[in-house]
Every structure is written in structure tokens, then in C-alpha cells.
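Using the sequences and the hints given, assemble the complete structure.
There are 2 protein chains.
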Amino acid sequence: MRQTRSQTGKMRAPSKLCSALLKDDCFLIATHINPDGDALGSALALAEALTCLGKKTFLYDRDPVPKYYFFLPKHKKFSTDLNKGLKNDPVLILLDCNSPERAALGAASFRKTIVIDHHETEREFGDLRWVEKHAAATGMLVHALIRSLGLKITVSMAENLYTAIAVDTGTFRYSNTTDEVLRTAAELVWAGAEPNVIAEHLYETWDYGRFRLYLMVMNTLERREGVAITHVTAAMFRKTGTTAEDTENFANLPRRINDVKVAVMFRETGSGEWKASLRSKGGANVALVAEQFGGGGHRNAAGFTISGDLATAKKILLKALSKTLG
Amino acid sequence: MRQTRSQTGKMRAPSKLCSALLKDDCFLIATHINPDGDALGSALALAEALTCLGKKTFLYDRDPVPKYYFFLPKHKKFSTDLNKGLKNDPVLILLDCNSPERAALGAASFRKTIVIDHHETEREFGDLRWVEKHAAATGMLVHALIRSLGLKITVSMAENLYTAIAVDTGTFRYSNTTDEVLRTAAELVWAGAEPNVIAEHLYETWDYGRFRLYLMVMNTLERREGVAITHVTAAMFRKTGTTAEDTENFANLPRRINDVKVAVMFRETGSGEWKASLRSKGGANVALVAEQFGGGGHRNAAGFTISGDLATAKKILLKALSKTLG
Chain S
12 MRQTRSQTGK
22 MRAPSKLCSA
32 LLKDDCFLIA
42 THINPDGDAL
52 GSALALAEAL
62 TCLGKKTFLY
72 DRDPVPKYYF
82 FLPKHKKFST
92 DLNKGLKNDP
102 VLILLDCNSP
112 ERAALGAASF
122 RKTIVIDHHE
132 TEREFGDLRW
142 VEKHAAATGM
152 LVHALIRSLG
162 LKITVSMAEN
172 LYTAIAVDTG
182 TFRYSNTTDE
192 VLRTAAELVW
202 AGAEPNVIAE
212 HLYETWDYGR
222 FRLYLMVMNT
232 LERREGVAIT
242 HVTAAMFRKT
252 GTTAEDTENF
262 ANLPRRINDV
272 KVAVMFRETG
282 SGEWKASLRS
292 KGGANVALVA
302 EQFGGGGHRN
312 AAGFTISGDL
322 ATAKKILLKA
332 LSKTLG
Chain W
12 MRQTRSQTGK
22 MRAPSKLCSA
32 LLKDDCFLIA
42 THINPDGDAL
52 GSALALAEAL
62 TCLGKKTFLY
72 DRDPVPKYYF
82 FLPKHKKFST
92 DLNKGLKNDP
102 VLILLDCNSP
112 ERAALGAASF
122 RKTIVIDHHE
132 TEREFGDLRW
142 VEKHAAATGM
152 LVHALIRSLG
162 LKITVSMAEN
172 LYTAIAVDTG
182 TFRYSNTTDE
192 VLRTAAELVW
202 AGAEPNVIAE
212 HLYETWDYGR
222 FRLYLMVMNT
232 LERREGVAIT
242 HVTAAMFRKT
252 GTTAEDTENF
262 ANLPRRINDV
272 KVAVMFRETG
282 SGEWKASLRS
292 KGGANVALVA
302 EQFGGGGHRN
312 AAGFTISGDL
322 ATAKKILLKA
332 LSKTLG
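Here the protein sequences come in this chain order: S and W.
Position in the first sequence (from 1) plus 11 gives the number in our numbering.
Position in the second sequence (from 1) plus 11 gives the number in our numbering.
A portion of the hints provided could be inaccurate.
Because identical chains cannot be distinguished in the list, a pair is counted as satisfied if it fits within a single copy or across any two copies.
As the list claims (entries may be wrong) - Calculated lysine-lysine pairs in the DSS-like style (CA-CA distance at most 25 Å, straight line):
no. : residue 1 : residue 2
1   : K286      : K250
2   : K163      : K21
3   : K78       : K272
4   : K85       : K98
Simulated from the structure, these hints should not be mistaken for laboratory data.
Here's what the structure looks like:
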């Protein structure tokens, strides 16, 4: 069951990476589109660390910081305007992803590129690469890096890194929660992160419209041989005054039913298309299923877009899933 | 916000307690009625430790182990028959509570009594008392005790203690999650506890009837000035083939709505009575409110029983809560 078992020794950042950061003066930190807590928290903590070293930093994401992450310290440093960041000829640091396409960097070119990530490598990009695919979160790498640089973890770094790690481990509920993850979390609490405050921001700030949307979506639940399917329509968004952003994490919630192996949520995108989000408890590799429909993702979380009527889309997907689930 | 800030030094059990455990040969470990994960996990881990030292142990709870805790290693050691435990003239260890009434010990008397707990003291009971009211869980104390006794933490002890601590901290989401809690959790993972397996047992084993009941209950939600009220009727239990045990944690769930300060669930007990469960986000002391109705509990979790029709019960409670919420 256990996938990795970490050693009691702490992770250390490559010394080449530390030297590269110390040598240059200006950095553009870019992370993936539709950024999550790990992307945002890691980037903000790294930017603060580089600022402590007297460096200029610029934080770029194609998409704005979602409102649910407005509690992250210094989140306003993020910009959606890449051009502003390209002045001063910065070194690129690609964080929590490893190809320029995932970060929507377009045709921008850089004199030097660095990759810090924990995802499977998409392709060999980057002059300097630190990719730990067994690490639970990019936040774990950035924490190790800040320590390797000899810097003190400030309260705001601790809050950003704790959030990064909490989000990518389901606040210590997923199989990537190793003893090292928990020890790192302990250090961040010691440095000033408050677990209850962060958990409240992450899990207890639904507005009432979102709660009503949630009940509507859960009321659509159908079960078929280990698969739970829900859907959300444009009409539901209108009725509750919500948007797609409010469905964050909804796809995961039917996993709590004991015989559900895969949970699927279809979301109407308003143009005769449905976006399917697949979540697996670990038995089925949903990335392989999503790929059959032109999508992709991770083993336990993947997605794709399909056009046509919902009933047909459900039928086709169930057929593909039944093969995987055997 | 932070209530306590632990020191990096580890908690140690009183040496008098260690000596007492080493000296005697037979122990009855009793915990509170309606046992939760902390009561059960702590008791099972302590019993295993005493067994390692060659002691006879007997585990008593008035109520059977709830089915959701059947995953706890060696849970079948628990008995609901106190008389069986009274043979051999045992020393009493009262765990996760501190008065014999809370453990339904009736008129039983003991030649020696020990209390190990983290709740506020109800009264001065016990020849030997170790009560740490700032500890997040009794599991934290038992972990320290096992280490102080010089014993190795086995995989089953680790699983029981990790569960104990996880349950009482909301898997590291409540304000009692200190750095020491997380470091202890890390040690338990190192010793063999698997966070994802335990989290799946705690949160992802709802049968479908329970899920349907959950939606029915959430669909009853009403909001009044910071209070969210839900209810569950005997008819709902019948329709979904569920019992009161299936409502475990339901009272907490409306807390996720941002403007909810107190969540209340009324449960029909079948005899013209309603059991009210009150959960506070921290602003209101619901124990004081419950006491007005002859109930009690903690600051953030309390309850009471009221007879009559539901609409009247809601009205009376809302009036009492509005005074507290100011």
C-alpha cells in the first residue's frame, strides 16, 4: 500500500541549484495554468526567499489567483501579464510543472531556465532541473531549498508552504503523506503556520450559494458498478449564483461512499460541451481513461472534454471505465 | 488564535506513573461511554504496551465498539461486561475521562485507581492522576507513556495511536494541532501507521444508505443569523436503512459554510424527544448553552435532549444561541 517510505534524513536541494540562485539577480517564477495551492504557495515562498537574498522576482500565472487562495500572504504579487515580467532579462524558474506550455509561456525565451517540480516529466526542458516525482508537493522541495540556502523560514513562508503541502496531501490524508511530510509540517507550524486557520480557509469558507450548488450536484449522483457519476449544469450555476470555480473539489466528494472506486463529475461548459473530472481511489488509473478521450492527468485525478448530450457521454465513459475496473 | 505553543522538548510521562504500571500485574482499562477514536485507540495501544511488559489487561467500555472502528487492531479485546474484568483484583486505569461515572463503572471498587486524560477535570478522582488538559488527545499521552516505559512502538500501537490523534484533531485541522502533534504523527508513520489507509477508514467508508441519509439531512438545512440547523427523523432512518450511528460527524458538516458560527443537528430519538448536537467554530461556547437545557459538553461540541415538537425546540434553542452569539 505504502508507495514510498522516506528516510529520516532530510531532503536537500542540489548545490548547483543553490549556486545558480545565488549568482543571478532577477528571476521570473512561472507556474501552471489554473494554479492550485501547491503552485501558488510554493511560488510565493520561493519569491520571498529570493527577495531575502536581495534578488528581483516576478511571479507569473496565466490565470488570476482564485478567490479561495486570497488568504495566502503576498498573493497580490502574482501577475497575469507575462510581458511585465520579461523586462530585466530574468532567469526563468518553472515551478510545479515542467514544460513551458503548462505555464502558458508562449514564445517567450530566456537566457537560462530552471525547473523545480514533483510531477512526472513531460519532456526534457530546463538548463537546471530538480524534479522529485516521489515528493508529495513542490512545497516540500521549496522548503528544502530555502533551508539549503541557509535562510530562516518566516511566518509568511511557513503559511504559504504549509498550504502548499496541505493541498497536495489532502491535509495529510492521501498516500503521499510520509513521515517526512508530517515532520516538515511540524517545522512549519513551529515557524508560525496555524493548521486550523489554514484548514478553515481551505475547507470552511463556502458561501451559501456554493453549498446549495453542492447539494444540487450530489442529488444527481448515480452509481454504476463502482463508478459514481454526478453532473453540474449551466442552469444550476445560474440558480445559485455560482461559477465553475465553486465546483473545486466536488468531483472528489462521492469517494466517501465505500464501494465507489472512481468518481466522475461532468460540468456543462456552456458550448454544448462537457468537462469530465475523474477521481480514483487508487485502483484504476484514470489518466489512461482520460487519454482515450483526448485528455490527461495523474493516475488518481484526470479529465477530458466531450461534446454531445450528457446521457451518451456518460454511457461512453462508463464503457471505457468498466474495462479498466475489470 | 493559537491556544498553546508546545516546546520542542517531548512530553514525558510522570515517573510515578511508570513505576505504578511496572509494579502491578493486572489492569482494567476503562474508557468513556459512546467511545470515540481517541478513547478506543489509546486504550488498545496502552493494553498492548502492558501486555508487552507481561501484565494481564482487561478492556472495558459500556458500549460496543462502533462498526466504523472495526479497523482498529485488536479491537475485539474490548468487552461490555464489567464483571469479567473485575476478577483478579485489577488496578483501574481510567482513560480519556476522569470520573468513574463517565465510564459507567457503577458500584465497582478498586484497590488502586489511575487516571490518564486530557479533558477538564470533573472531580478529584484517582490515586494517581495524569491529566494534561492542553494535550490534543489522550493518544498523545499514551504515546509519551509507552516511550517513557522504554517500549518500542509496534505497527498496531502506531495504527491505534495515529487514529486516536487523528480523530481528536480532525486529522490535523483543529486548533489543537501543534507542532508536537505533527511530530508525533510523523513518528507513528515511521513506526508503520499509514495515513491514507486510516483516513479512508475514517472518512471514506460510508455505505450508500448513509450517503442518502446525509443528503436528506443536509436538505433540511435552515440558516438563522449565524446558526445552521438540520434535523434527522426516525422516518429518514427507516427510508435509508440507517441508524443513529450513521449520523456520526453530520452535525459538523454545515460548518463549511462561511457565515455559520454554530451548527446544530436535531435527531429524533423515537420517544417524542430530540437530541440536539451543537458544534461551534470557536466563537460561541456551546457547552454553556447546552447546560441551560440540562446537557453539557465542550466549548466547541456539546449536546442536550429536549421533548416536544421540533419547531418549538428550534425556536427555543435559537433564542438561547442568539444571546451567546450577541
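Hints and how they fare:
1. K286 - K250: within (20 Å within a copy, 34 Å between copies)
2. K163 - K21: Answer is both; intra-copy 16 Å and inter-copy 23 Å each pass.
3. K78 - K272: Only across copies: K78 and K272 sit 21 Å apart there, 31 Å inside one copy, limit 25 Å.
4. K85 - K98: within (21 Å within a copy, 64 Å between copies)
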